[in-house]
Amino acid sequence: MIRPELVCPAGTPSAMRTAVDAGADAVYCGFQNATNARNFPGLNFTVPELERAVAHAHAGGTKVLLALNTFPPAGKVDLWKEAADTGARLGVDAFIVADIGVADYIARTHPDIRLHLSVQAAASTPESIQYYCREFNVKRVVLPRILTVPEIKLMADEIPCEIETFIFGNHGLMVEGRCSLTNYITGLSTNMDGVCSPAAQVEYIKDDEGNLSTRLGEYTIDCFSCNESAGYPTICKGRYLTPAHDGPYYAFEEPISLNLSTLLPDLMKAGVTALKIEGRQRSKAYVKSVVSAYRKAVDSIMAGQDPQISDLLALTEGQKETQGAFKSKTWR
Amino acid sequence: MHLINIKVHMLQQPTVARMQHTESKPAIAGFLQRRPRWAPPAPLFLLQPVLRRIVQKIAENNPDMFGRLGPHYRAVFVIDPVNLPFVMLLRPDPDDLMLVARRRSEISEHDARISGKFLDLLMLVDGDLDGDALFFSRNLTITGNTEAVVCLRNALDDIDDSIAEEVADMFGRPGRAALMALRRMNEKRETQ
Ligand code: SF4
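Residue numbers (the numbering used here), protein chains in the order written: chain A, 1 to 332; chain B, 1 to 192.
Hints were generated in silico from the structure; no laboratory data involved. These numbers were taken from a predicted model, which means no experiment stands behind them. Among these hints, one or two may not hold up.
Using C-beta positions, here's what the derived DEER-type ranges look like [unchecked claim]: (1) Arg74(B) - Val47(A): 18 to 28 Å; (2) Arg108(A) - Lys188(B): 53 to 63 Å; (3) Lys188(B) - Arg134(A): 51 to 61 Å; (4) Pro63(B) - Gly60(A): 20 to 30 Å; (5) Glu106(B) - Glu209(A): 22 to 32 Å; (6) Glu190(B) - Pro265(A): 27 to 37 Å; (7) Arg184(B) - Pro150(A): 40 to 50 Å.
Far from chain B, some chain A residues (derived; all Cβ distances over 12 Å) [what the hints assert, rightly or not]: (8) Met1; (9) Thr18; (10) Asp25; (11) Leu79; (12) Ala88; (13) Gln130; (14) Pro307; (15) Gln323.
Partial selection, computed: residues in chain A whose CB lies under 7 Å from chain B [unchecked claim]: (16) Ser14; (17) Ala55; (18) Arg108; (19) Ala199; (20) Val202; (21) Tyr204; (22) Ser229; (23) Ala230; (24) Phe252; (25) Lys284; (26) Ala285; (27) Ala314; (28) Glu317.
Backbone N, C-alpha and C fix where the C-beta goes; we use that ideal spot for every residue, glycine too.
All chains, full assembly: derive it from the sequences and hints.
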């Protein structure tokens, strides 16, 4: 069994240092602009910050993967090209891309730097992945969260690149890189502006009885009664009314997080060589807990022991966890 | 299903339950907490110079944090430790810093409010607790300008050193002892 790379989120320089200290093999991060899919206010790296962060990570033996995983709108491609050139100059170890134009630019301009295909590309068949490998020399694919472990194993036998899968964190279920729910309500695009449910348009309203309503733009997307766990203000996790259902229901997905800790041995046996923790928008306390827990689990599996799995439920959205499609196509 | 018709309903009839303030009382606020319920509110004017010193010290030690506030550095945040008898008003403007204590009945105009138990807020500021997790468990409430709160959260979270320790150091041995007691209290709470 190949020792998998633990790929960890870093939304700030401090979170990156925390991830390195907690045992990350690689950290992924982005610039403070629309070139990455976590373009949140106050988050991400300036150029000098990334320069220092790369030096720190490399000194600790940790790789830095730069997320350029959004889709440039027509006429604005220069921002993505500049980000790639800057990343190359700062010595990042790989670019994570979704758009074929960005992939093509990097493959031609910085051929010595690895290209990883982002989950945002939603490449989920051997044919599409082979295409990216052939055309852009992609070295790794981050698989969409829609395949079972046996399907991943079949995939591994058919594609000429490494496989990375998410193991913990957000569980949004639209076709990744194609979700336009935020765009519909706020006018901003998750895939081109890099932000789902922009904070500027999120509002929480608590009533006298302790009930909490979540609003995005003009729409109320959920209301949590006083003792109920809450979730992110994302449309895919909202509760809706339709004639087909009695009362409000979670139309797409409920507030819940992915946690594949108990599937780790199966994933590793299936040929997954990189394990990704979601959460660049989360705090360094989250990074420390989740990275340490998975570091320990992976190390014990590699040592032939039963994985020691820490309880991460307190960090999950809605305080619920799922193995999603990795376990079964009918998880809901 | 038409999203345009999104409506919201509560899954269950909400039971009337106010915030429970059952956590044990932090030593640092001892002089405020020990007073009997019928006693007049603590003399907040005694706190003001201390708070001013605290916020100035944090700003001095962490000048880079202000960049993450973006356009919200002039925002006024109400920091509401729900189990203490006062709130704090924070304006993280490096040129016009403000951290003052106010009675709940005297809160002036503000942009956002962050409410939670005192120990939770302390651990949050100190990078020991995850804000999203606190929010999911309903132990943290945010109202007002969400973007300003997200910026403040990210600015504070990018500070490597412990803010609590910086503050404790300002008060020498008694400060460090108080912080130790608070951390013990938090550990005990977590293992319960
Ligand atoms: S609405 Fe949900 S599925 Fe769509 S981008 Fe946001 S988190 Fe992802």
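A quick look at each hint next to the structure:
1. Arg74(B) - Val47(A): 18 to 28 Å: holds (26 Å)
2. Arg108(A) - Lys188(B): 53 to 63 Å: holds (59 Å)
3. Lys188(B) - Arg134(A): 51 to 61 Å: Once the Cβ atoms are compared, 59 Å apart, the range 51 to 61 Å for Arg134(A) and Lys188(B) holds.
4. Pro63(B) - Gly60(A): 20 to 30 Å: At 26 Å between Cβs, range holds.
5. Glu106(B) - Glu209(A): 22 to 32 Å: The hint (22 to 32 Å, Cβ to Cβ) holds, given that Glu106(B) and Glu209(A) are roughly 25 Å apart.
6. Glu190(B) - Pro265(A): 27 to 37 Å: holds (30 Å)
7. Arg184(B) - Pro150(A): 40 to 50 Å: With Cβ atoms ~49 Å apart, the hint holds.
8. Met1: About 32 Å separates Met1(A) from the closest Cβ of chain B, which puts it past 12 Å; holds.
9. Thr18: violated (8 Å)
10. Asp25: holds (22 Å)
11. Leu79: Per Cβ check, Leu79(A) is outside 12 Å of chain B; nearest 18 Å; holds.
12. Ala88: holds (24 Å)
13. Gln130: Per Cβ check, Gln130(A) is outside 12 Å of chain B; nearest 36 Å; holds.
14. Pro307: The claim holds: Pro307(A) sits with its nearest Cβ about 23 Å from chain B, beyond 12 Å.
15. Gln323: holds (19 Å)
16. Ser14: holds (5 Å)
17. Ala55: violated (15 Å)
18. Arg108: violated (34 Å)
19. Ala199: Where the cut-off is 7 Å and the nearest Cβ of chain B is about 4 Å from Ala199(A), the hint holds.
20. Val202: holds (4 Å)
21. Tyr204: Holds: closest Cβ of chain B sits about 5 Å from Tyr204(A), inside 7 Å.
22. Ser229: Since chain B brings a Cβ to about 5 Å from Ser229(A), closer than 7 Å, the hint holds.
23. Ala230: Hint holds; Ala230(A) Cβ to chain B Cβ min 5 Å, cut 7 Å.
24. Phe252: violated (10 Å)
25. Lys284: Status holds, d = 5 Å.
26. Ala285: Given a least distance of 4 Å, the restraint on Ala285(A) holds.
27. Ala314: Holds, because the Cβ-Cβ distance from Ala314(A) to chain B comes to roughly 6 Å (cut-off 7 Å).
28. Glu317: Holds, about 6 Å.
Against the hints set out earlier in the document, violations occur for numbers 9, 17, 18, 24.
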